[in-house]
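The listed protein sequences correspond, in order, to chains P and G.
At position 80 of the first sequence the residue is numbered 80 (our numbering), and the sequence of numbers has no breaks.
At position 227 of the second sequence the residue is numbered 227 (our numbering), and the sequence of numbers has no breaks.
Derived by calculation from the structure, the hints in this document are not laboratory data.
On a predicted model such as this, the values are computed, not experimentally measured, just so you know.
Any given hint could be a false lead.
[Said to hold, decoys possible] Cβ-Cβ distance ranges computed for the label pairs, FRET-style:
| hint | chain 1 | residue 1 | chain 2 | residue 2 | range |
| --- | --- | --- | --- | --- | --- |
| 1 | P | K109 | G | S62 | 54 to 64 Å |
| 2 | P | Q50 | G | R85 | 33 to 43 Å |
| 3 | P | D45 | G | G9 | 19 to 29 Å |
| 4 | P | E107 | G | S62 | 30 to 40 Å |
| 5 | G | G195 | P | R79 | 22 to 32 Å |
| 6 | P | P99 | G | I63 | 39 to 49 Å |
| 7 | G | K30 | P | E58 | 30 to 40 Å |
| 8 | P | E58 | G | E110 | 18 to 28 Å |
| 9 | G | F214 | P | D45 | 47 to 57 Å |
| 10 | G | M182 | P | N19 | 51 to 61 Å |
| 11 | P | D59 | G | S62 | 55 to 65 Å |
| 12 | P | P68 | G | K30 | 24 to 34 Å |
| 13 | G | A33 | P | E107 | 34 to 44 Å |
[Unchecked claim] Below, in silico cross-link-like pairs of lysine-lysine (BS3-like), each with a Cα-Cα straight-line distance of 27 Å or less:
| hint | chain 1 | residue 1 | chain 2 | residue 2 |
| --- | --- | --- | --- | --- |
| 14 | G | K188 | G | K67 |
| 15 | G | K23 | P | K32 |
| 16 | P | K105 | G | K201 |
| 17 | G | K160 | G | K67 |
| 18 | G | K160 | P | K109 |
| 19 | G | K23 | P | K30 |
| 20 | G | K160 | G | K100 |
| 21 | G | K188 | G | K210 |
| 22 | G | K210 | P | K49 |
| 23 | P | K13 | G | K188 |
| 24 | P | K74 | P | K30 |
| 25 | P | K74 | G | K160 |
| 26 | G | K30 | P | K32 |
| 27 | G | K30 | G | K160 |
| 28 | G | K67 | G | K210 |
All C-beta atoms in this analysis are idealised placements derived from N, C-alpha and C, irrespective of residue type, glycine included.
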Amino acid sequence: MHDFSISQQIASKVIEEINRERAFKVIEIKIKIGELTHLNPEQIDFWLKQFFHDTPAEDAKILIEKTPPLIYCKGCGYRGTIKVRDDFFIYPFIPLNCPKCGLNKIEIKGGNECLLEKIKIKR
Amino acid sequence: MDIIEPEEGEILDIELEEDFLEKNRQLSVKNRALLDKNKVRAIDVMGSIGSGKTSLIQLLLSILGKKFRIAVIAGDLTTSIDAERLRQPEVKIIQVNTGKECHLDARLIERALKSLPLSSTDLLFIENVGNLICPADFPLGTHQRIVVISVTEGPWMVVKHPYIFRDADIVVINKIDLAEAMQVSPEKLTQDVSGINPNAKVIPVSCRYKKGIFEVVSALELNLSNKGII
């Protein structure tokens, strides 16, 4: 839902870098989006393309990687990823229980990010 | 000093590593520190549209207003209808209009906190934008999070929006006076919440008939001594 405003922030940051680096063209933009966020990579991609219209980032390849949830279980000490079921209608449903011991005393350690990782530019 | 300039046409990789959601989390930590410094207990009231967030805060104000110095930050897209509803002579109210935004974020709260008399405030209610989805991504720095749902939203409200319940301290199931007519079971909703977050206190409430409000007050675990509530 807030894909629009997050995309706007990402786009401003990229444009800022274009100006700072005096880039002639942006070739590639790498983004990581955690599966625990309510952000949809397809929508982010769509909005970024709108914001980059008529800028040096217009033809940039936008690479969005989805990152799985990382959890720590306070029950059994399991540290690792959990699987996301993607078959729910609107949003993927994340099981909130530990895959090892089944308890739901888990702490989220990752998978809740929206990271502008790097950009490749041409000067 | 020699400066080595890149040649025309050179390709450069620029590492940015900027996390746009982490920025909000960091700001929320700052907000929390400011609240703690001023001994203000802050409560984020989230919930769907029409679930009864404003009604609940109204009732809490009428009970707690005599004992605590209360402030309210009312978040909404455009209007100040909720802020008007909550207006009381002794309560300081700030309206935050998010424009097109579907949630409050830590930056908006940081700005709102600047215009509140924090040193003479004990309790701060933040009414989030009516939405069960987006506020889950944006912690504000409050001490407690209440999620308000109501039986008129049907039986699947909880299971369809697990994230927002994951971090809730208190879940209010409002409009239980209509449960029978709606054929929605508050017990089932309670089970759904417990399945996601066993630590959340689930309280059936009827704001219209003022039922369950004192249970909400006691779940807030407020110490009655002034400025000693944290």
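Assuming the hint says 30 to 40 Å, is it satisfied by the Cβ distance from K30(G) to E58(P) or not?
holds, 36 Å
### Message
With the threshold set at 27 Å, check whether the alpha-carbon distance from K188(G) to K67(G) stays at or below it.
### Response
violated, 35 Å
Is the Cα-Cα distance between K160(G) and K100(G) 27 Å or less?
Status holds; Cα separation ~24 Å.
At the C-beta level, are E58(P) and E110(G) separated by a distance inside 18 to 28 Å? violated, 34 Å
Keeping to a limit of 27 Å between CA atoms, is the pair of K188(G) and K210(G) held or broken?
-> Roughly 22 Å between the alpha carbons, so the hint for K188(G) and K210(G) holds.
**Study point:** K23(G) paired with K32(P) [C-alpha distance capped at 27 Å]
**Key:** It holds: about 15 Å lies between the C-alpha atoms, which stays within 27 Å.
Distance restraint evaluation - A33(G), E107(P), Cβ atoms, bounds 34 to 44 Å: violated, 21 Å
Quick check on a hinted range of 30 to 40 Å for E107(P) and S62(G), using CB atoms only. holds, 38 Å
Original post:
Okay, P99(P) versus I63(G) on CB: inside 39 to 49 Å?
Top reply: holds, 44 Å
Using the C-beta atoms of M182(G) and N19(P), is the stated range 51 to 61 Å upheld?
-> Given about 56 Å between the Cβ atoms, the range holds.
Taken at face value, is the distance from the CA of K160(G) to the CA of K74(P) at most 27 Å?
holds, 26 Å
Do D59(P) and S62(G) keep their Cβ atoms within the hinted range of 55 to 65 Å? Given about 60 Å between the Cβ atoms, the range holds.
The structure does not agree with the numbered hints 1, 8, 13, 14, 17, 22, 23, 24, 27 stated previously, though it agrees with the rest.
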